[in-house]
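The chain contents come next:
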Amino acid sequence: MAIEVRIPTILRTYTGGAKSVEGSGDTLADLLGDLDSRHQGLRDRLVDDAGLRRFVNVYLNDEDVRFLGGLQTPVTDGDTVTVLPAVAGGSR
Amino acid sequence: MRYDSLLDSLGGTPLVGLPRLSPTPDVRLWAKLEDRNPTGSVKDRAAFFMIEQAEKDGLLARGATILEPTSGNTGISLAMIAHLRGYRMICVMPENTSVERRQILQMYGAQIISSPAAGGSNEAVRMARRLAAEHPDWVMLYQYGNEANARAHYATTGPELLADLPGITHFVAGLGTTGTLMGVGRYLREQVPGVAIVAAEPRYGELVYGLRNVDEGFVPELYDASVLTTRFSVAANDALRRTRELLDAEGIFAGISTGAALHAALAMAAKARKAGQRADIAFIVADAGWKYLSTGAYSGTLEEAEERLEGQLWA
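Taken in sequence, the protein lines are chains A and B. Following the numbering used here, the numbering of the first sequence begins with 1 at its first residue and continues without gaps. Following the numbering used here, the numbering of the second sequence begins with 1 at its first residue and continues without gaps.
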């Protein structure tokens, strides 16, 4: 088992077009490091010196990691991580 | 109940218990029926407060033009009030929004300018800003950054909820402009120590996230993460399934965004039950299902409905 990471369309240039990739690690930061070893440049699109980029949302099993522990959020095998750009949304 | 006019009947909506969906007698769910507002959605509150404030500030005089990026409910609320008060209304709206919303807007005399489907509301906001710059005499109320939007909920929705449910432990609502969550959230945090404020954010199909790069994203100016306890991303299939469960179990015919809020509310209910804590969880029914019938969300199997929603702005 591994951790599934869903990648939004605009970042699939880093994953060879793959909609989701697998990785491992004890925390989100570890996981992103592991992904970056195979998909170089991906981490820089998600994270800057201050942490997660402003317009990037990352969800662990559908919950926003900013409310869990940010990059230090623990992750385990079988989890699903979803990366999405922040958008204005729908019926407002 | 008697009111002097339709607008005077704004707010004061029912809070109804959900005896069948509540997991135990100690962990209860409550639905705030915001479809019982003048034009049938929670957005009447924000629209009314934003227009009243603009009038107070001297921005709106008879014959003035209001411009707003909106894919539906806010536009309908603003168009109704504008129609009654003699303002012209222009909505900038993504082309992938339901036909019902367009027809209602046109009935209230609003003019619709379509923005490209790709990019969703981000693109509508961008286009409205451009139009506002070209027409300095038009008034853009800008729901995403207008403090009167959140204030409407601080002043009305929040106090209504606390009056009806003094033991409230959780408040759950959809996250869009963030006005409902910011306003109700701030009010409840002042009044109820330890209350949880939970956001349910709709997760759309890929078309909607069609940005050119991740630095072009959008976070509403009203958003203050410190008001929230947590935030869930709810996929279309979960929102659809819950929308149908709400109708099936409790008889409530709600819009699809309500299914997303219910999904998050049920997640909080499960957590409370597991922890052995009592909970009174209130969530917002933002509107009824009528405006979404043409999306196909209410017919056929869940899988069929989900397929039809792909690429649509369902909340």
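Hints in this document: simulated from the structure, not taken from any laboratory. Note that CB positions come from ideal geometry on N, CA and C, so glycine has one too. Accuracy of the hints is not assured; some may be wrong.
Here are a few chain A residues that face chain B, going by a calculated C-beta distance under 10 Å [claimed, not checked]: (1) K19; (2) S20; (3) E22; (4) L46; (5) R54; (6) V56; (7) Y59; (8) F67; (9) L68; (10) L71; (11) P85.
Pair ranges (Cβ atoms, derived) [claimed, not checked]: (12) V219/B - K19/A: 21 to 29 Å; (13) K56/B - E22/A: 51 to 59 Å; (14) E216/B - D26/A: 51 to 59 Å; (15) S226/B - E22/A: 31 to 39 Å.
Do the hints match the structure? See the list:
1. Interface restraint check: K19/A against chain B, minimum CB-CB distance 9 Å, threshold 10 Å, status holds.
2. Proximity of S20/A to chain B is violated relative to the hint, the smallest CB-CB distance being about 12 Å (cut-off 10 Å).
3. Hint status for E22/A relative to chain B: violated, with the closest Cβ pair at about 20 Å, above 10 Å.
4. Annotation: L46/A was flagged as interfacial toward chain B, and the flag holds, the nearest CB pair being 8 Å apart, inside 10 Å.
5. Interface restraint check for R54/A: the shortest CB-CB distance to chain B comes to about 7 Å, inside 10 Å, so the restraint holds.
6. With a least beta-carbon distance of about 6 Å to chain B, the hint placing V56/A at the interface is held under the 10 Å criterion.
7. With its C-beta approaching chain B no nearer than about 5 Å, Y59/A sits inside the 10 Å limit, and its interface hint holds.
8. Hint status for F67/A relative to chain B: holds, with the closest Cβ pair at about 4 Å, below 10 Å.
9. The closest approach between the C-beta of L68/A and any C-beta of chain B is roughly 8 Å, which is under the 10 Å cut-off, so the hint is satisfied.
10. Annotation: interface hint on L71/A violated; nearest CB of chain B at approximately 15 Å, more than 10 Å.
11. Because the beta carbon of P85/A sits about 5 Å from the nearest beta carbon in chain B, less than 10 Å, this interface hint is met.
12. Distance hint check for V219/B and K19/A: the Cβ-Cβ separation is about 25 Å, which falls inside the suggested range of 21 to 29 Å.
13. At about 56 Å, the CB distance of K56/B to E22/A agrees with the hint of 51 to 59 Å.
14. At about 33 Å, the beta-carbon gap between E216/B and D26/A misses the expected band of 51 to 59 Å.
15. Between S226/B and E22/A the beta carbons are some 34 Å apart, a value that agrees with the proposed interval 31 to 39 Å.
The structure does not agree with the numbered hints 2, 3, 10, 14 stated previously, though it agrees with the rest.
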